[in-house]
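Engineer: For reference, the chains in residue letters:
There are 4 protein chains.
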Amino acid sequence: MLKGYTLPRTPKGTSSLTPHPPWHYVGNCLAVEYEADAEAVRSFLPEGLQFHSSRCAVYFVEWQYASESGKEYLDPIRSQYRETIFLISAAYDSTACAYCPFIWVDQDVSLMRGLAQGWPKQIGSTWITRAYDLPSKAGPVVGPGGQFGATLAVKDRRLVEAVVTLRESTTQLPNPSFARAVNVRYFPELIGGRHDRPAVHELVQLKSRDVQLSPIWKGDAELCIFEHPHLELSGLRPLKVCAGYRFSCALTVDDLILLRDLRTPKP
Amino acid sequence: MLKGYTLPRTPKGTSSLTPHPPWHYVGNCLAVEYEADAEAVRSFLPEGLQFHSSRCAVYFVEWQYASESGKEYLDPIRSQYRETIFLISAAYDSTACAYCPFIWVDQDVSLMRGLAQGWPKQIGSTWITRAYDLPSKAGPVVGPGGQFGATLAVKDRRLVEAVVTLRESTTQLPNPSFARAVNVRYFPELIGGRHDRPAVHELVQLKSRDVQLSPIWKGDAELCIFEHPHLELSGLRPLKVCAGYRFSCALTVDDLILLRDLRTPKP
Amino acid sequence: MLKGYTLPRTPKGTSSLTPHPPWHYVGNCLAVEYEADAEAVRSFLPEGLQFHSSRCAVYFVEWQYASESGKEYLDPIRSQYRETIFLISAAYDSTACAYCPFIWVDQDVSLMRGLAQGWPKQIGSTWITRAYDLPSKAGPVVGPGGQFGATLAVKDRRLVEAVVTLRESTTQLPNPSFARAVNVRYFPELIGGRHDRPAVHELVQLKSRDVQLSPIWKGDAELCIFEHPHLELSGLRPLKVCAGYRFSCALTVDDLILLRDLRTPKP
Amino acid sequence: MLKGYTLPRTPKGTSSLTPHPPWHYVGNCLAVEYEADAEAVRSFLPEGLQFHSSRCAVYFVEWQYASESGKEYLDPIRSQYRETIFLISAAYDSTACAYCPFIWVDQDVSLMRGLAQGWPKQIGSTWITRAYDLPSKAGPVVGPGGQFGATLAVKDRRLVEAVVTLRESTTQLPNPSFARAVNVRYFPELIGGRHDRPAVHELVQLKSRDVQLSPIWKGDAELCIFEHPHLELSGLRPLKVCAGYRFSCALTVDDLILLRDLRTPKP
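Protein chains in written order, with my numbering: chain D, 1 to 267; chain U, 268 to 534; chain F, 535 to 801; chain B, 802 to 1068.
Keep in mind that the hints were calculated from the coordinates and are not lab data.
If you're wondering where the values come from, they're calculated on a predicted model, not measured in any experiment.
All C-beta atoms, glycine included, are put in the ideal place defined by N, C-alpha and C.
Don't take every hint at face value.
Pulled a few chain F residues facing chain D out of the computed Cβ check, cut under 10 Å [said to hold, decoys possible]:
#1 S659
#2 W661
#3 T685
#4 L686
#5 A687
#6 K689
#7 D690
#8 R691
#9 R692
Computed Cβ-Cβ distance ranges for the label pairs, DEER-style [stated by the list, open to error]:
#10 F:H764 <-> U:G459: 46 to 54 Å
#11 D:E39 <-> F:S587: 51 to 59 Å
#12 U:S320 <-> D:L258: 38 to 46 Å
#13 U:E302 <-> B:G946: 45 to 53 Å
#14 D:P215 <-> U:G460: 33 to 41 Å
Please take these sequences and the hints and turn them into a complete structure.
Structural biologist: This is the structure in structure tokens:
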């Protein structure tokens, strides 16, 4: 009997790209809140979600991960990854939520965990300024005036650049927030004639537990989204940049809420 | 209405990690045929396949890919990838076939196309000796005495090393062959309490078309599979190495045959 | 006694980043000949070289390498690398030659061999369309109408894109050619107050032997050089694209000609 | 007139792989102190240094860097890099110092700065556990019981693994320390017949300024150095592991002390 939460499934089950949940995460986040074109935001929403506002956010996160029994962080190439997440505002059943049109990570393990949650992950290269506990011209202070940059490149093209200048502490997280994300789980068919009738097509709500937050720093931000020959990210380019943020968070994932099976035509 | 064969699904549908089939491939293959422990081979077989023999093969392939309208090979980071495929012998309904316990590629696009076909792809680093059309101490001849090496590393650990010395041309492909592969498509559930009741769990048979083969070279081979702390590949280590091969192949994929839904308990 | 052609020098001398010459190379080249702004070309020439013409060329090469006794190509991560080379026209002592203002490779071993020869190598990501010996929608023919692309990215920014469409065979290599390159060997001082008085500053002429060339294909080309915040490559952008080329070459390097010690002020 | 501290030297001088000093650094270090075989340590010492003891140390460092005017950390792919440094004990003129037989970094900019200082840098892949300011199963505490791992791989082979378990704070840095490093600057000749008469061969002492240190944590350690087909690192494998450390440091480099020109035979 083969075992494993994902492929490859093997006799002992220790070879799966992703082990069974729960999955524990801790990360440093740099975020930029901004306004995009309302029609563009609307055009990216999946069936089942309604337009809420033109407010968007991009998060750049340097994560470390461990499975329940894993201590993967002691072999850190198995544990660490960097991520760029775009969120747009949406509503489900008249309640505000966030929807992720684009997300890039730099490790296959994270990509596969993401697919199980409905994150539309692709591989991309994210870089984020680090803070150190020593004063140095080589790093920013975590405090007023401290400047943090982040970049995303996909297949050797720079796609996003951001700079955040911290000004003050706040108790408010950026909005939309990945705590309230609604995703689409999707797995295609390959049988001839059924390429557009997916095996899995579900609207799901993420469910994290044991969420912890550091103090939050807020400030000014710049954000640049570059044109790309086929990725449609530039449709969500900023018309107005609202604010930048830096904070850390920790959370655990081992559950999900099914909102709606999108294979069933709505009555 | 969002479009796209896989996530991310977007207004124009040009952002999906994998475009709609057909997918066209051409590649140079180095392969090693070998015998593993029969009980080990048996232990890796999924429900629905029977043990056939202890014959295994590993293929190292340098691929180039294009979608139907894509010419992705003109922006080659979108098109080229390297792959290591392990195949073990199996039988379905008393007919010999091949089953893939492990496969590694180095591009996300290939990983996603693979998941749709049931290939249990992970990201790994494959390197394969190249032949050039000029005599040089820096490259082997494609002919008697020419030596080709290949290596696989996964997350900064070397896992496989092979060397093939060509001796003669042959009309016989290595066996088992990926032309007759039976795969398992698998997509997990994340809802609490249902982590072992996958959303998709299917035994499928690959269906390629327009397959073309170059002349095939055969010769001696060495193959070394190293221990790994959690990947179970070394269970399939060679007890006897049979032969090495080098050839090129081209093929197109846009279909699949469903053999059995493995979510339904067998009567 | 420590041994080795370069650092690190060790008891057995087998740890040096670069082993002793001779170094053998074989590679597939895609090239674009073009005209840049004459004043820009002139401004990139080092002391000792004179302006010759505004003709430039960029070469994208997929190399395989071996040392005299090495067979490094059997562990191909030690042997294979991809390179983008820009050459501008120049004259030394009234004889036409080529000078390299920019070159990028993707392996440290190649970078170090390059520094010894005066190539101003940096790490960059080059991708080049491959040809296969089978007809396929996934690859071009090596013949009339066959299209080959190449790209260069440096630190997650796309810097160069080229497409060559083959039209006819020719006996003429692109010009300027790396066979006649004159380089500058340069090694800085770090002692305070001497940062601009290099330890090594030499005008040298490359000396290859056992050069072999495949048949040469010529055709049309497109070339795009993108802006960069601090790399000055866009100064050499094409005003007119002349032709594209595809060919293979093999060569051996174990010598160099010193033209002039540039630390000595010219009388 | 071309400008730049290293190749490539260009009209504006902004294209050099390494800008002019000073270079500012800040980093998080994980270190393991250990004893190697005394004869092995002696065999790695360059001319001009004497044997002092069999004490060695390996440092794994996650650095961020900026030039004097650069703020490179806002485009962090230009600024961040990871490094594995081996130091062995030595004496110069009867004063204890440290000598570096092997060092690996993951960025070309750092490699080139290193060569100017005599660090024998090669490209390698270093991973180091990170600490976060939030309690999480995904990360260790910086305090008693906190466990940190580090790994080094070179060209797809794992070479070093270490785990440090913090026990107590200390005021003592590991020994040998890179603050007192003596390096060998070396730049080869390529002219035929002169491959063993280097253009630069100097014994130099590093000179950092503005050094700052965080509180230092000390504890138990495990260290494993694997065999490699040609890198001689395993000669310096641990016979006894002494202690592990974790601390941060910041420093500035813009000077060097020439101890001796090793091209001149000692009288």
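Engineer: Hint by hint, which ones does this structure get wrong, listed from lowest number up?
Structural biologist: Checked against the structure, no hint fails, so every one of them is satisfied.
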